[in-house]
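**Student:** Okay, here's what each chain looks like letter by letter:
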Amino acid sequence: MKILAIDTSSSAAGVALFKENRLMGEFVVNTAQTHSQKLMPIVDSLLNQTQTAMDEIDTFFVCEGPGSFTGVRIGIAAIKGFAQPFGKKVFGYSSMFLLACNFRYESGYIFTAIDAKRGDVYYGVYTWQDDKLIILEEGIEALSKLLPLVAEKYKDKPVILAGDVIAIYPDAVKEWPGRLCRPEDVVQRVGNLHVASIVQSDAGSVYEIKANYMRKSQAERDK
Amino acid sequence: MKINENQNVNDVITLAIETSCDETACAILKNGREILSNEVYTQIEIHQAFGGVVPEIASRNHLEKISEVMDKALNDAAVTFSDIDEIAVTYGPGLVGALLVGLSTAKGLAYSLDIPLIPVNHIEGHIAANYIAHPELEPPFACLVVSGGHTHLVDVKSYTEFEIIGRTRDDAAGEAFDKIARTLGLGYPGGPLIDRISKEGNPLAIDFPKAMLDQEHMDFSFSGLKSSVLNYLNSCKMKQIEINVPDVCASFQHAVVQVLKHKAQQAVISTGYETLVIAGGVAANSSLRAALGEIPGIKLYYPPIHLCTDNAAMIGCAGYYASRAGNRGHLETNAVPNLKIGEKKY
Numbered sequence: 001m002k003i004l005a006i007d008t009s010s011s012a013a014g015v016a017l018f019k020e021n022r023l024m025g026e027f028v029v030n031t032a033q034t035h036s037q038k039l040m041p042i043v044d045s046l047l048n049q050t051q052t053a054m055d056e057i058d059t060f061f062v063c064e065g066p067g068s069f070t071g072v073r074i075g076i077a078a079i080k081g082f083a084q085p086f087g088k089k090v091f092g093y094s095s096m097f098l099l100a101c102n103f104r105y106e107s108g109y110i111f112t113a114i115d116a117k118r119g120d121v122y123y124g125v126y127t128w129q130d131d132k133l134i135i136l137e138e139g140i141e142a143l144s145k146l147l148p149l150v151a152e153k154y155k156d157k158p159v160i161l162a163g164d165v166i167a168i169y170p171d172a173v174k175e176w177p178g179r180l181c182r183p184e185d186v187v188q189r190v191g192n193l194h195v196a197s198i199v200q201s202d203a204g205s206v207y208e209i210k211a212n213y214m215r216k217s218q219a220e221r222d223k
Numbered sequence: 001m002k003i004n005e006n007q008n009v010n011d012v013i014t015l016a017i018e019t020s021c022d023e024t025a026c027a028i029l030k031n032g033r034e035i036l037s038n039e040v041y042t043q044i045e046i047h048q049a050f051g052g053v054v055p056e057i058a059s060r061n062h063l064e065k066i067s068e069v070m071d072k073a074l075n076d077a078a079v080t081f082s083d084i085d086e087i088a089v090t091y092g093p094g095l096v097g098a099l100l101v102g103l104s105t106a107k108g109l110a111y112s113l114d115i116p117l118i119p120v121n122h123i124e125g126h127i128a129a130n131y132i133a134h135p136e137l138e139p140p141f142a143c144l145v146v147s148g149g150h151t152h153l154v155d156v157k158s159y160t161e162f163e164i165i166g167r168t169r170d171d172a173a174g175e176a177f178d179k180i181a182r183t184l185g186l187g188y189p190g191g192p193l194i195d196r197i198s199k200e201g202n203p204l205a206i207d208f209p210k211a212m213l214d215q216e217h218m219d220f221s222f223s224g225l226k227s228s229v230l231n232y233l234n235s236c237k238m239k240q241i242e243i244n245v246p247d248v249c250a251s252f253q254h255a256v257v258q259v260l261k262h263k264a265q266q267a268v269i270s271t272g273y274e275t276l277v278i279a280g281g282v283a284a285n286s287s288l289r290a291a292l293g294e295i296p297g298i299k300l301y302y303p304p305i306h307l308c309t310d311n312a313a314m315i316g317c318a319g320y321y322a323s324r325a326g327n328r329g330h331l332e333t334n335a336v337p338n339l340k341i342g343e344k345k346y
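The listed protein sequences correspond, in order, to chains P and Z.
Here the UniProt record's numbering is used: the first residue of the first sequence is 1, the next is one more, and so on.
Here the UniProt record's numbering is used: the first residue of the second sequence is 1, the next is one more, and so on.
A few of these clues could be false.
Computed cross-link-like contacts, DSBU-like style, restricted to lysine-lysine with a CA-CA straight-line distance of at most 35 angstroms [unchecked claim]:
| # | chain 1 | residue 1 | chain 2 | residue 2 |
| --- | --- | --- | --- | --- |
| 1 | P | Lys117 | P | Lys132 |
| 2 | P | Lys157 | P | Lys145 |
| 3 | Z | Lys340 | P | Lys216 |
| 4 | P | Lys157 | P | Lys19 |
| 5 | P | Lys216 | Z | Lys179 |
| 6 | P | Lys210 | P | Lys157 |
| 7 | Z | Lys237 | P | Lys210 |
| 8 | Z | Lys345 | P | Lys210 |
Derived from the structure by calculation, the hints contain no laboratory data.
Given only the sequences and the hints, what does the whole structure look like? Please build it.
**Tutor:** Rendered as structure tokens:
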């Protein structure tokens, strides 16, 4: 089974090819160009380099967000174009989940948080169970409120905190009781995706995949 | 390629996608001018609550609907993806986030089906709507393009060559319609509402300014007219004079139409063409159609109402001719929100 995974939720465009659970190849481009310019060339390069034809891909994984609204839409729309003519399977994963995949050998909880601006963060709490990364919760919350909540709720095991919030809000995370991951050690790289952990069902298709913005549009918030 | 009774091997089947504003649209065409299906999902009701199109909401809805809209178009046309020979898609002008949903889907489709991608200029699509409606119509001709965001006079030299010979120096005609409609509390979109209400009013009741009627160039200006109508409404309110809404609508529309007519006539004279074509959303305006019909010595064409508003069939038609001329997109083709008529930026 071959899987093509993409992530266009941050400024970097990433694509990875997996055969079963093994990474066959990966391209990441983090330049100022738009995802619309970056994504298709790296998909094409990766398939060429790995001598894989598009019709060999059985399943697509796409980052459903949160992150760049436009970036996420470009990724999902491209996957719809790839998968819809052939009725192929499509599954989504969150950007916080992808970050958490960096911590394969954590025995406690993995708490990832990405700056959502205006004092809010997109966050997720995960743990490994039977060699699968399990989602305990995901959401958006004010960082000042979230940190004590998570510390209290998951106090039975060590919690490692990772994500760009560490560099962006150094004062807020100073009091964090668990470990802090150095910002340079955590990258949102699609080749890190733990594909065996993505929950797959029969329903995964272009009709079910949705962007997970976690935020209403400005116009709806102002209403 | 699957052959059924409606198709033969030489037929070119185009799948077209349009998501430049608030309509999610997909169409299937045979040989560029025959519509096999033309599916439009309109978001108008969603945006009415905000008094105009909200770009982020439009983009979100495009992504949610596009797969179903494509399936409906394929079903209605009784074809499958394997029958499609090329993918045409609007890449500008329009709302960038909205354009990117259709364009990214189209690029994904063209790549996975291994067929050509044809980026289409939305406004050139509006012009091409006339080819679908009028099988005998061929370029060259003069074209008046009037829509929510555009007011242009275009020398359509061939199916793929366009030259702008007149443009608005400020507001598009459609913007003025929307603004006046909003001020009168009529709602959105303004064009069709004002057109309808105008039928009950007197077009000569109020003498609003008709800008640049006396000049020979073919540029337009509607901001003065717009301000004049708004000033009129304000002064009525201050003097507590009751506003006759049908008369205001009819007089405003009359002023717009007279300007458009005059400039279109100039375009016909300067190009020497005997054919005048109207394109764009405002081409649905009954008073504009009637006024342009009065220009002597020309054959006037305009699309039926359902092809005036945004649709994908017109994109498929323009794309068909672009493809025959060898115009193809590639992996890096991007949306160009401020794309001009006649520009090729892919």
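**Student:** All hints, please: hold or fail.
**Tutor:** Consistency of the hints with the structure:
Taking the CA atoms of lysine 117 of chain P and lysine 132 of chain P, the gap is near 31 angstroms; set against the 35 angstroms cutoff, the hint holds. Of the supplied pair hints, the one linking lysine 157 of chain P and lysine 145 of chain P holds, its CA atoms being roughly 20 angstroms apart against a limit of 35 angstroms. In summary, the hint linking lysine 340 of chain Z to lysine 216 of chain P is supported, as the alpha carbons are separated by about 32 angstroms, within the 35 angstroms threshold. Annotation: proposed proximity of lysine 157 of chain P to lysine 19 of chain P holds, straight-line Cα distance about 34 angstroms (limit 35 angstroms).
Restraint check: the Cα-Cα separation between lysine 216 of chain P and lysine 179 of chain Z comes to about 27 angstroms, which is no more than 35 angstroms; the hinted pair holds. A threshold of 35 angstroms between alpha carbons decides the hint, and for lysine 210 of chain P with lysine 157 of chain P the separation of about 33 angstroms falls inside it, so the pair holds. For the hint pairing lysine 237 of chain Z with lysine 210 of chain P, the CA-to-CA distance comes to about 49 angstroms; that exceeds 35 angstroms, so the pair is violated. For a cut-off of 35 angstroms, the pair hint linking lysine 345 of chain Z to lysine 210 of chain P stands: about 30 angstroms separates their Cα positions.
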